[in-house]
Amino acid sequence: MKTHFYRVYLSALALVVVTSCVSLRTAVFDQYSYQKATEIKVDATRLMDRSNTPYNSQTAAIEHLQTELAKMVEYEKNKPDNQISYAMWKMISDPNKKFIGGFLKLWEEKGTLNTIFAEEAKGQVTEALDLILQYEGKKDPAAENKLKAILGLQ
Amino acid sequence: MDVNNILKEIKGNLLDLVGGKFEDLKAESKKDVQDFLNASKEKLERWTLLLAEGHISPEEYKWLVESQKDLVVLKGLYAAGASKIALGHLKNSILTTVINTAIGIVTNTNTATADSGDSDTE
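First to last, the protein sequences are chains S and U. Heads up: the first sequence runs through residues 0 to 153, numbered per numbering that gives the first Met the number 0. Heads up: the second sequence runs through residues 0 to 121, numbered per numbering that gives the first Met the number 0.
Heads up, none of these hints are tricks.
Subject to a maximum C-alpha distance of 35 Å in a straight line, what follows is the list of computed DSBU-like cross-link-like pairs (lysine-lysine):
| # | chain 1 | residue 1 | chain 2 | residue 2 |
| --- | --- | --- | --- | --- |
| 1 | U | Lys30 | S | Lys121 |
| 2 | U | Lys68 | U | Lys10 |
| 3 | S | Lys121 | U | Lys74 |
| 4 | U | Lys42 | S | Lys109 |
| 5 | S | Lys89 | U | Lys10 |
| 6 | S | Lys104 | U | Lys40 |
| 7 | U | Lys7 | U | Lys74 |
| 8 | S | Lys76 | U | Lys7 |
| 9 | U | Lys42 | S | Lys40 |
Distance windows between CB atoms, simulated:
| # | chain 1 | residue 1 | chain 2 | residue 2 | range |
| --- | --- | --- | --- | --- | --- |
| 10 | S | Pro79 | U | Glu44 | 42 to 48 Å |
| 11 | U | Ala51 | S | Lys78 | 42 to 48 Å |
| 12 | S | Ala69 | U | Lys30 | 35 to 41 Å |
| 13 | U | Glu41 | S | Glu67 | 29 to 35 Å |
| 14 | S | Thr52 | U | Arg45 | 23 to 29 Å |
By construction, these hints were calculated from the structure, which means they are not laboratory data. Since this is a predicted model, take the numbers as computed values, not measurements. Each residue gets a CB set at the ideal place from its N, CA and C atoms; glycine is no exception.
Next up, chain S with everything else stripped away, as it sits in the complex:
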């Protein structure tokens, strides 16, 4: 009888802990997101290094990067509990923000860009992409797996 009481009491307590933390859900670590973010960072910085050449001479590489960015935004948008990463990717690729999307827009408007400015802008874009990479890295897969194991979801 006493055992039954403890079982019910502690199951109820565990249930309260789990359900009270629904708002804390975050998407799990995603190897694909991390890898794509790294590739986009490398492609973006290489392209920025060529921004002293005419925009029209780099259209293939620019369109490729823009497509990769659009795919990434779409991918992050549809992952559950992933609002923060999605918002970050939207900012990075937005032509009206001052990251890679905005840099490409300015390059298109001006035709070519000043090397000193491009170097400073590259630092800003790199910092933004590093934040995305660090955030993805914080989604500890070990902790997530432990929770799933406890809850019998594995």
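Use these hints to put chain U onto chain S, whose structure you have.
Chain U in isolation, oriented as in the chain S frame:
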């Protein structure tokens, strides 16, 4: 452009994002905010010098300053997400403790019941 005014604005935006006054922040968040402001100050001073020396145009200067303001927002998103993950990890350890405690109590109770049953029969 006045670097101090821009810094003041960035600090205000950052504090709005992390919520509350600088003095009320926890040591870790305070350090993050301060590190970001120090980094912003260095950049703003460098860009102002580049502008003054004619290496970058006013439009490019404006773009860079705005990119630093956009970074404040991104940093705020990162901080909000990171706290959420940290709280999620805390939840996991609470859950583990509850379950371990439950297993411990149930096991001990069963042993005690068995012991008491044994002594009753003696």
